[in-house]
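Between the sequences and the hints, there should be enough to build the whole structure, so can you do that?
One letter stands for each residue in the lines below.
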Amino acid sequence: MSELTGEGLVLEIPTDIHSISGAVDYVLSRCSASEVSARRLNLNFRVGLTEAIANAMMYGNDHDPSKSVVIEVVMGRDHVQATVRDQGSGFDPGSVPDPTRPEHLACSYGRGLFLMRELLDELCFNDCGNEVTLILRAESCSTFEGGASA
Amino acid sequence: MSFQVSKVNDVTVIEVEGQLIVGNRNELKNKVLEKIELGEQTFVIDFANTAYIDSSGLGVLVSLSKKIREDGGELRLSSLSEDLRTLFELTKLDTLFQIAEDKERALEGF
Chain A
6 MSELTGEGLV LEIPTDIHSI SGAVDYVLSR CSASEVSARR LNLNFRVGLT
56 EAIANAMMYG NDHDPSKSVV IEVVMGRDHV QATVRDQGSG FDPGSVPDPT
106 RPEHLACSYG RGLFLMRELL DELCFNDCGN EVTLILRAES CSTFEGGASA
Chain B
2 MSFQVSKVND VTVIEVEGQL IVGNRNELKN KVLEKIELGE QTFVIDFANT
52 AYIDSSGLGV LVSLSKKIRE DGGELRLSSL SEDLRTLFEL TKLDTLFQIA
102 EDKERALEGF
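Residue numbers (my numbering), protein chains in the order written: chain A, 6 to 155; chain B, 2 to 111.
In case anyone wonders, no lab produced these hints; they're calculated from the structure. C-beta atoms are modelled at their ideal positions from N, C-alpha and C, and glycine is treated no differently. A few of these clues could be false.
Estimated spans, in silico, between C-beta atoms of each pair [claimed, not checked]: (1) A:D132 - B:E71: 41 to 51 Å; (2) B:L39 - A:G27: 29 to 39 Å; (3) B:G40 - A:P98: 36 to 46 Å.
And the structure:
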């Protein structure tokens, strides 16, 4: 794990699903100065960042340990932002079905992107789909209010 | 992160300590499948000491529930924190599982 710091944080971690939790804990430990509430950080941002890194490792990098995931974090006073980039060829986020529809409810996968959309204020993919930016703002009145429309 | 397995009457109780996430979901899956192989049919998975479940953790619960039901058994969940309950409600998985307030209530009526 490497760190290049300015007003934010950059991590590059090898593809290893066992490293996700530690990386997310580290990022969250650096966000305490933000005005985003601890509860929203620990639920909304933790979920979003965890799912983004997991998707990058499992689907983007196809579990290939020779590939890495880059996480760029900006800690603003009124928001936190993370950009997660993998070394895969990307995907079309519009092609992922809604896991809450009755026909998909019993599927054992496919909820990560949905949770990111529900819990974050903004979710943006680059054109090829191998980079996602997550934004959580401080001013949302509800702990769980998000509703990004990526 | 660990899974404590015990038995109360005929019910296998698994307590998830820490997190249920992509890095340890298969450990839980294998523990339950081992018990199914031994003929166990009724399960309670308790989250009283669980801080976080990710989408992979939710997914493994879905697949275990399906497997247990196919074998004629039943899986109940218990002791979800407010945050964990929110994840179940957002994904509508609260409609798929029987979720009890605590382990004792989950064991009632098996």
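Here's how the hints hold up against the structure:
1. A:D132 - B:E71: 41 to 51 Å: 43 Å, holds
2. B:L39 - A:G27: 29 to 39 Å: Check passed, 34 Å falls within 29 to 39 Å.
3. B:G40 - A:P98: 36 to 46 Å: 44 Å, holds
Comparing the model with each numbered hint stated earlier shows that all of them hold.
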